[in-house]
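Asker: Counting in the working numbering, the sequence shown runs from -3 upward without gaps.
Keep in mind that a hint or two might mislead.
Here are the in silico distance ranges between beta carbons for each label pair [claimed, not checked]:
#1 189 x 19: 31 to 39 Å
#2 19 x 46: 15 to 23 Å
#3 11 x 55: 19 to 27 Å
#4 175 x 26: 42 to 50 Å
#5 135 x 54: 34 to 42 Å
Think about it this way: if two alpha-carbon atoms lie no more than 25 Å apart in a straight line, the pair counts; the simulated DMTMM-like pairs of lysine to aspartate or glutamate are [what the hints assert, rightly or not]:
#6 38 x 116
#7 85 x 166
#8 136 x 31
#9 83 x 31
Because the hints were derived from the structure by calculation, they are not lab data.
This structure is a prediction, so every number in the text was calculated from the model and none was measured.
Every residue gets a Cβ at the ideal spot worked out from N, C-alpha and C, and that includes glycine.
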Amino acid sequence: MISFLNNYFNYNHFFISGILTVYLIYLYFNIKNIDKMISIIKVLLIFNFVTFYGYLLYFGDFNYRVHLPLHLCYITELFLFLSLIFKIKMLYPWIVLNGLGGGVTGFTNSNLPPDSLLIENIHLHLSHFNLLLFTLIAFKMRLVITKSHFLKSILLNLFIFSFAVWFNIEYGSNYWFTMSRPPGTNLALLFSDWPYYLYGLIIIGIISYCLTFKIFSSNISK
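Take these sequences, add in the hints, and give me the full structure.
Answerer: Right under this line is the structure:
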């Protein structure tokens, strides 16, 4: 079924982003029960992982140089899933700091080439939807992000970034786009070629972190 759609369905990134944004707004204002929202996101996470990796493995399209969850948003989504399953809240601040800016970026940009599989586009949208949904849940939960959370999250991202650089050099991949500009229509087009686009993306990420910290550092119930 997905193979058929992949050949005949014209995937419009911004149209899908718009629909999902409306759905996010609906969930935020109409579902008051946080446990119900968490149940919804658990189902979406499982569906996303199973369909994406199941499809790639079944049809022999999986490529470890492309499809491992090493990009920041995808590894954040993975740890979101583990945190919810094992009911561990320790990484919630890191997930939110990555998730708000990352989710918005994923909805407004695409790093996929024009010939990417439909399942890859679905995975991109659903992954970033999950991050944004959890960010809204965390806001409803009155999650407060401290300066300590902020600094520890930056250090954790620095570690993941360093691992991605090593992995890219070792295996010829391009996670975190450290080797070349990402394909598709995205913020990297605003900057010159390597390494300047990478510097630009890092600066945008830091600004996003600061804005998210500002929102959640004052997220205290009155």
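Asker: Hint by hint, note whether the structure agrees.
Answerer: So, going through the hints one by one against the coordinates:
no.	hint	verdict
1	189 x 19: 31 to 39 Å	37 Å, holds
2	19 x 46: 15 to 23 Å	21 Å, holds
3	11 x 55: 19 to 27 Å	26 Å, holds
4	175 x 26: 42 to 50 Å	44 Å, holds
5	135 x 54: 34 to 42 Å	37 Å, holds
6	38 x 116	20 Å, holds
7	85 x 166	33 Å, violated
8	136 x 31	11 Å, holds
9	83 x 31	12 Å, holds
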